[in-house]
Amino acid sequence: MTFLEALYFIVPSAIFYAAPLILVAIGGVFSARSGVVNIGLEGLMVIGAFTGILFNLFFADTFGSATPWLALVAAMVAALLLSLLHAVASISFRADQVVSGVAINLLAIALSLYLVKKIFGKGQTDFITERFARYNVPVLSDIPFIGDLFFKSIYNTSFFAIAVAIVAWFIIYKTPFGLRLRAVGEHPMAADTMGINVTKMRYIAVMISGALAGIGGAIYAQTISNDFGHATINGQGFMALAAMIFGKWHPLGAMGAALFFGLAQSLSIAGSSIPYIQEIPNVFLLILPYVLTILALAGFIGKANAPKANGKPYIKGER
Amino acid sequence: MSNRVTNILVPLVSVILGLLVGAIIMLVSGYNPLIGYTALWNGIFGDLYTIGETLRQITPYLLAGLAVAFAFRSGLFNIGVEGQLIVGWFAAAYVGVAVELPKIIHLPLAILAAAVAGALWGFVPGLLKAKFRVHEVIVTIMMNYIALHVTNALIKTVSDGGDRTERIFTSASLRSEFFQNLTEFSRLHYGILLALIMVGVMWLILEKTTLGYELKAVGFNQNASEYAGMNVNKNIILAMVISGAFAGLAGSMEALGTFEYVSSKGGFTGIGFDGIAVALLGMNTPLGVIFGATLFGSLKYGALNMPNEAGIPLEIVEIVIAVIIFFVASGYIIRLLLLRAANKKKEAK
Numbered sequence: 001m002t003f004l005e006a007l008y009f010i011v012p013s014a015i016f017y018a019a020p021l022i023l024v025a026i027g028g029v030f031s032a033r034s035g036v037v038n039i040g041l042e043g044l045m046v047i048g049a050f051t052g053i054l055f056n057l058f059f060a061d062t063f064g065s066a067t068p069w070l071a072l073v074a075a076m077v078a079a080l081l082l083s084l085l086h087a088v089a090s091i092s093f094r095a096d097q098v099v100s101g102v103a104i105n106l107l108a109i110a111l112s113l114y115l116v117k118k119i120f121g122k123g124q125t126d127f128i129t130e131r132f133a134r135y136n137v138p139v140l141s142d143i144p145f146i147g148d149l150f151f152k153s154i155y156n157t158s159f160f161a162i163a164v165a166i167v168a169w170f171i172i173y174k175t176p177f178g179l180r181l182r183a184v185g186e187h188p189m190a191a192d193t194m195g196i197n198v199t200k201m202r203y204i205a206v207m208i209s210g211a212l213a214g215i216g217g218a219i220y221a222q223t224i225s226n227d228f229g230h231a232t233i234n235g236q237g238f239m240a241l242a243a244m245i246f247g248k249w250h251p252l253g254a255m256g257a258a259l260f261f262g263l264a265q266s267l268s269i270a271g272s273s274i275p276y277i278q279e280i281p282n283v284f285l286l287i288l289p290y291v292l293t294i295l296a297l298a299g300f301i302g303k304a305n306a307p308k309a310n311g312k313p314y315i316k317g318e319r
Numbered sequence: 001m002s003n004r005v006t007n008i009l010v011p012l013v014s015v016i017l018g019l020l021v022g023a024i025i026m027l028v029s030g031y032n033p034l035i036g037y038t039a040l041w042n043g044i045f046g047d048l049y050t051i052g053e054t055l056r057q058i059t060p061y062l063l064a065g066l067a068v069a070f071a072f073r074s075g076l077f078n079i080g081v082e083g084q085l086i087v088g089w090f091a092a093a094y095v096g097v098a099v100e101l102p103k104i105i106h107l108p109l110a111i112l113a114a115a116v117a118g119a120l121w122g123f124v125p126g127l128l129k130a131k132f133r134v135h136e137v138i139v140t141i142m143m144n145y146i147a148l149h150v151t152n153a154l155i156k157t158v159s160d161g162g163d164r165t166e167r168i169f170t171s172a173s174l175r176s177e178f179f180q181n182l183t184e185f186s187r188l189h190y191g192i193l194l195a196l197i198m199v200g201v202m203w204l205i206l207e208k209t210t211l212g213y214e215l216k217a218v219g220f221n222q223n224a225s226e227y228a229g230m231n232v233n234k235n236i237i238l239a240m241v242i243s244g245a246f247a248g249l250a251g252s253m254e255a256l257g258t259f260e261y262v263s264s265k266g267g268f269t270g271i272g273f274d275g276i277a278v279a280l281l282g283m284n285t286p287l288g289v290i291f292g293a294t295l296f297g298s299l300k301y302g303a304l305n306m307p308n309e310a311g312i313p314l315e316i317v318e319i320v321i322a323v324i325i326f327f328v329a330s331g332y333i334i335r336l337l338l339l340r341a342a343n344k345k346k347e348a349k
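Residue numbers (my numbering), protein chains in the order written: chain A, 1 to 319; chain B, 1 to 349.
This list has only true hints and no planted wrong ones.
From chain A, some residues computed to sit far from chain B (all C-beta separations above 12 Å):
no., residue
1, F3
2, E5
3, S13
4, F59
5, A60
6, T62
7, V73
8, D126
9, P138
10, P144
11, I162
12, M207
13, A270
In silico DSSO-like links for lysine-lysine, alpha-carbon gap of 30 Å or less:
no., chain 1, residue 1, chain 2, residue 2
14, A, K200, A, K312
15, B, K265, A, K122
16, A, K308, B, K234
17, B, K156, B, K265
18, B, K216, A, K312
19, B, K265, B, K103
20, B, K345, A, K316
21, B, K234, A, K312
22, B, K265, A, K118
23, B, K131, B, K208
24, A, K308, B, K131
25, B, K234, A, K248
26, B, K131, A, K312
27, B, K344, A, K316
28, B, K346, A, K316
29, B, K265, A, K117
30, A, K200, A, K308
31, A, K308, B, K216
32, A, K316, B, K216
Derived DEER-like restraints, expressed as beta-carbon distance ranges:
no., chain 1, residue 1, chain 2, residue 2, range
33, B, Y49, A, A66, 53 to 63 Å
34, B, V28, A, H230, 15 to 25 Å
35, A, K174, B, A98, 54 to 64 Å
36, A, G317, B, N221, 15 to 25 Å
None of these hints come from the bench; they were simulated from the model. Glycine residues also receive a C-beta, built at the ideal position from the N, C-alpha and C atoms.
Next comes chain A alone, as it looks inside the complex (with noise of 0.2 Å):
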């Protein structure tokens, strides 16, 4: 293979691996901003995976092409339901909310395998078989070199999860809902003392995480699996929340870093047949992301200062 081949087969991939780590980021970031720790994008990206595949599987002779989208729909709305339960938890009931996050992802994880088995009387469901396909972008696919980059055979998916980010940043940092968000993640009694429902803020923040962690969960299974195992979720909601802190709890910033570690998971299949790449042992590859997470929190790569209220409840009247 050559540079060139290399770099048009890799560069698409990346952005194709890259597409949920984007969304569920993200959803990190929302979650985040408001103040509460979302250890639980993990669980919701699985909920969202085995509920997307099962939407699919059951109506996709209803629905035909249509299907994939509709399951994307479904699948937020099983994670936006399961992301109550953090939001009372860590809101309401002043809960740890990393211990609250874990149970939601021993929970997420137990429940969809649950009903895997009592629904298909097996560890996994069916292959679906409407999915999201490939197309090239007209006109756009024929500039050479960038089309060959960005708009051959590209997903639908990564286009609708690069707009999301932008609309997030837009809605983060240009609207008053964004400033409020922020302001509630910084110094809650500060924003309660404005008038703003300090509650209200982070139920809806985490609801938002919620639901797009759940698009993004559905997205991997039906982009990348195509089915919903045990193992079909395996890390990447972890990932995402690296790509969060990695990209400094910016929207854009956490799509750029999803995209890097999309790229370090497609080299990490790929690479063995790539000039160069094939050099590096894979497991380099596989652990990069990580490795710089904890470099960029240490301070190695540019200061990453979480939001200040991150992780604490807010409790009325404490000082």
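On the provided structure of chain A, position chain B as indicated by the hints.
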């Protein structure tokens, strides 16, 4: 109601609620919860063999629970027990297959290797927390994945491209003929004694040494500890190292006792994450960890019997465990409800 009583009531209520939710889920999905829980019970206490295997399952849970609890007492959340356990597992198995030594040297050496590996994996987040104020939760999560991929790569190297090592030499094994004869040849091994000794060690460190006092002080209030002249940074690192060592030991239980080899893993063992549940349920005390580990170890092993005897997916037990964690974490609301119930009683009088 005294604080002590509520402290014990919260976990109890959580366990009961967890089992109740499990029963409701079974009922709604068309299974008979009575049959389900009977199968669970038989899976835990059915005969001597199952009791032996249940105790075997409790062993790593004890150590994983200690690891989480120890860090918690120092104000740290070690979510990386899973990764520390995996590197401990590998280190012990590696020492077990790499050399053959007299048992009196080999076994302690293999156990020590596991503890050191786990401690090293705990040292990194400890150091980053102490020096750069990086939150340990995120670092330990990342370290989990690094542990998973690195050990998989090492196993591949050690086994010449295979996906598991050879069986360890018997000189490094924790296998116990005495326990085996007692329990109809279950895989119960001497590790449980080590785990129980470690429970004592944790109690000793926390309650009887200056180090333990300082660690707890740092856990309560870092600024006050600093002001009292304690080295907060040193204590943070030490707490993570000791916690990691406990987790590494949990890995050695699997390497030298249960499996006697290490194989590459597609995902996590789950023992480390369940350790969080064990510690929480045990209120982070050594004695509490024994109860927590017994409960979760039993549930986990007993669940294996549910598909056979009752035709119910074993994940139902995982659901129960998750719900228990959820309720223990939401202890505030249970406390509030308990308090209200107690007040009502008083008014009625």
